[in-house]
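Visitor: Chain residues, written in single-letter form:
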Amino acid sequence: MTTGDAAGDVMRFGIDPTKSSIARAYDAALGGKDNYEVDREVLRQLQAVAPAICDYAWDFRNLLIRITRFLAGEAGITQFLDCGSGLPTAENTHQVAQRFEPDAQVVYIDNDPSVLAHGRALLVENEATVLVEADIFDPRQVLDNEVVRKHLDFSEPIALYQMATLHHYNGQRSPQSIMAEYIDALPSGSYVAISHYCDPETPEELHKLSRDIERAFLRSPMHSGWFRTRAEIGAMLAGLELVEPGLVPCADWWPDGPRLKPLEPERLCTLGGVGRKP
Amino acid sequence: MISPHGDAKPKALICAVDIGYGFDDALAQGTVKTRFIPWGFGVAVDGPDVSGGAGAQVGSPTARRIILGARLRRLREAAEISRGEAGYAIRSSESKISRLELGRVSFKERDVADLLTMYGVTDPERREAFLEMVRQSNQPGWWHRYTDLVADWFQDYLGLEESASRIQTWEQQFVPGLLQTEDYARAIATRGWAALATERADRQVAVRLRRQALLARPDAPKLWAVIDESVLHRPIGGRALMLAQIEHLLELTKRPNITLQVVPYQYSGYAAEGSFTMLRFAERELPDVVFIEHLCGALYLDKRAETELYSRVFDRLTVDAHTPDQTRQLLTKARAEARV
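Read top to bottom, the protein sequences are chains H and S.
Just so we're aligned: 170 in this note's numbering is position 170 of the first sequence, and the numbers increase by one with no gaps anywhere.
Position in the second sequence (from 1) plus 278 gives the number in this note's numbering.
Since the hints were made in silico from the structure, they are not lab data.
Errors might be hidden in some of the hints.
Simulated pairs of lysine-lysine, DSSO-like, Cα-Cα distance not exceeding 30 Å [claimed, not checked]:
hint, chain 1, residue 1, chain 2, residue 2
1, S, K581, H, K19
2, H, K150, H, K277
3, S, K374, S, K500
4, S, K532, H, K150
5, H, K150, S, K500
6, S, K532, S, K581
7, S, K374, H, K150
8, S, K581, S, K374
9, H, K33, S, K611
10, H, K19, H, K208
11, H, K150, S, K581
12, S, K500, H, K19
13, H, K33, S, K500
Chain S with its partners taken away, still in its complex shape (with noise of 0.2 Å):
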């Protein structure tokens, strides 16, 4: 299984996801609700084999699926319809066109046609531009081909990753997922053990790699990165390799569309929140959302509220953290110590 942060997970080897106090004592207060997500985006998986670039379009499936859903919200309120009669009008329930409406299922040509009826839209062009956004919702992206080892969730994370204008991120035990260098990847994959280093493994790491393409692209996200001073001194792989990740750092940094800041030791140990990645999107549709990792799958946050308090703490971290040309220079000395 693969996840958005350092971590490629083996299922014969667990390893210890921390969930921060902050979260908990959100939780303790009651005001963080969570969901975990077993919404089975990968379900959606019924059209052609998309190869490599697909991903490379604005918006994911995952995202055009959040907007359609969006849209035909605002639609069926204007027409001061119920989600009940709107579901007994697709031969469904309530609790349907609720996740349809979230964007958390596939929607069928049909479905959205009778609903378009139902909510009076009766213009064949405008019927038919929501009809090919549910087509293009229900193409598959690229991760689809490895399915069998990316998890659902984190298909979900991959769909909306591909959207994001803007990735911010957390992590206070590995270099993010994105910055990894392919053998820092392959080192957490097989848990550093060569009987490990199968082919599950070097598929694991092309995805890893994959993932990094879209950093690269011409309307790529910004990625605001910020860790934990330890990842540094952190040999992951050993020190030869620990350096050529420095280094590799070092040379993403340059790419203006990457922003690292590392928080020294004397402020990180009071932080105590756990790893998480924010998304957003320059859609106003989208709200933006948070992924948090556990052992089980991932919790999804996309209520104001919740992904309010992450903001609030990714701002404090930003402020407390190196400033980007700081971090530059604590990446060059960690270079030259790695070296000696």
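For reference, chain H alone in the conformation it holds in the complex (with noise of 0.2 Å):
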């Protein structure tokens, strides 16, 4: 629900047809059936300067994955707050953490109204798990969150994502200082994670590369994906203990196995990792 009280207000969603959804057109890349032809648009312009962009947005997708295993396996974190739950794909957040500890609390948070739609429907399926409307960039929002609140014990290690998400808020208040916000309201032992797009700056073909990308994102259909830096990423998890390997491009954080061939330079144009609150 987002408006909607005066008996006037008929169409509560408007649906304009001429712009992307963030969230279809990640679910275009991955090989979803749930978008439509503007976001499929948006992935057929990407990839005139980034052939690869369909393997780029897998890479957020199993580093979200990979991440998840580490913290509910070796980590042993039981509590998930997953900023951008997006539209439910074949493997989430909560299917990959209960594998591992069956009771482990999710909570998703997105303000979407389709994603929410979605997500009642398809990704909601049993108590330990739960979607909360609120402005992910606004922290308060979240933190103060009435469902938040209940299902997540703020006295205990809680794992915190913004993956893939901040590079497509570029609003007046500073990503860091977001996290800041976010981070300050964990308790110790807790686990920040994020991924973003990343502008190398070295060598000069991939910075020159990342930055033809995030033009060819900002005139598509979706008008959104911001490229930073490393320095700038970085103090988005200022005050944290990075765990092994640190910031890295998302393919390389701990790959599930060898590689044979080098990477696509596209998949360098990404940052990821997880840090650890002293």
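Hints given; two lone chains; assemble the complex.
Guide: Here is the structure:
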């Protein structure tokens, strides 16, 4: 429910067929079927500058899965706050976490009306999993939410995710200060995972490529996707101890096995990793 | 005749099926091309009779035929052979190849063997895999025992429903077929007239209940149903029967694979779309399909531009509707009111 109190407010959810949704464009890149022509158009425009754009999207998804495995398994985390759930896909955070710890509490946050409707129908399949409507770039909205408070115990370690989300934010307040407020609210022993589009700065080819992709994102019907530097992304995890190997291209964070061929250049234009709050 | 929605229709009593303005608009704008589907899928019954459990396999004969067709098309295109040339090779026509590749008619082993040869598939194991698919696609589904009362087009629907990984349905007038109690289904089959409570009606109800078995399968599809609020207040079969139906909905919506959302009165009048059902398949080869019932049968849409239009409508309905939790509260309230 977005707005909609007055009797005259009939169309609560305008669908603008000329605008792509971030969630649906990811779904298209991941080979899902919950996307529209305009979302596939975003993909085609990106493919023109970065042919491996689908692998690029998979790198983000697979990183989320590997990090969840690490946190639920090795680190023994049982509470997850996943900001920006996106459309349900084959393997979602709660499925991975609850394989290790069936009672793991997973709270998804999103504010796209269609993502919320899909999530309530297709994602929330047990008592330990909830989906909350809030703006993930407004930490107070998330942290003060009643349902979030009810499902997560803020005196015990929590894993907080901002994965493939902050690069779709370009608001007034800096992403670093948003993350600082989240981190401040977490108890010691908590983990924060992020992944982000990155401008590697050097070598020159990668710097140029990352800015070409950024332009393609911003010109596409999605109008979103900002590339930041290692220093800018690193500052989002200020005060945390980075888990080995630190912030690296998403595909290089504890890959599942050996690699037989080098990564395509665009796949080097991401950074992801996990930090632990001391 | 039985159909996916609320609806066993004795031929003597025709009930009006509303095709909404949204669809008419799309037609007027030329964005939707309709195809009526007298495909005669039912003609494919030449295998042995198969008892109830056959539908529980992944992929019904209907779905297998569509997948097989898509694979043959890719082979033909890779071999750079035209539909006309391929048609000639099997003593047939370009349009026959077109129908085969869309999975709309049944395959003969001999034809597929000839096509494989023409497309350069010589590996015996690979050929055998294709021919095995032909045999499987010609196995009858469980509904073929009811061919006397299940219309051809609805057999197509059943074949696809069995294979769906997700079923999305918008229903304005009835509780969706998969969620009906036996009594509710019977009340519709007999139009509430004792005189119509015949053996035929019993068998129609049996088809409905047999269909519902798919929701309890280990690999059950996800059912995402959106209904108009009026459905809860339309006392089909009388108040006691409706109360039992509401209790049944409360029970079913506890299952993780069943989601029900009610569109409140204040939003539903504007939607203007008639009831429809969308089927989604796990297989990449299978496009989403939309079924819309009308008086003479059903429309079946599978072109992306068409299904996308319905997808967007369904998206909007799910956003306008009460959430699944709110819907359960509404059902609890309706149950309390029905008990008074």
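Visitor: Now look at each hint and say whether the structure bears it out.
Guide: Taking the hints in turn, this is what the structure says about them:
Pair hint K581(S) plus K19(H) holds up; C-alpha atoms about 21 Å apart against a cutoff of 30 Å. Of the supplied pair hints, the one linking K150(H) and K277(H) holds, its CA atoms being roughly 22 Å apart against a limit of 30 Å. Of the pairs offered as hints, the one joining K374(S) and K500(S) is violated, with about 35 Å between alpha carbons and a cut-off of 30 Å exceeded. Restraint check: the Cα-Cα separation between K532(S) and K150(H) comes to about 21 Å, which is no more than 30 Å; the hinted pair holds.
Among the hinted pairs, K150(H) with K500(S) is consistent with the structure: their alpha-carbon atoms are about 28 Å apart, no more than 30 Å. Our distance criterion of 30 Å between C-alpha atoms is broken by K532(S) and K581(S), whose separation comes to about 34 Å. The suggested pairing of K374(S) with K150(H) is violated, with an alpha-carbon distance near 61 Å, which exceeds 30 Å. Restraint check for K581(S) and K374(S): the C-alpha separation of about 19 Å stays at or below 30 Å, so the hint holds.
For the hint linking K33(H) to K611(S), the alpha-carbon distance of about 36 Å lies beyond 30 Å, and the restraint is violated. Simply put, K19(H) and K208(H) have alpha-carbon atoms about 27 Å apart, close enough for the 30 Å limit, and the pair holds. The hinted pair formed by K150(H) and K581(S) fails the criterion: a straight-line CA distance of about 45 Å is larger than 30 Å. Proposed proximity of K500(S) and K19(H) is supported: the alpha carbons are some 28 Å apart, at most 30 Å.
Only pairs whose Cα atoms come within 30 Å are accepted, and K33(H) paired with K500(S) is accepted, the gap being roughly 15 Å.
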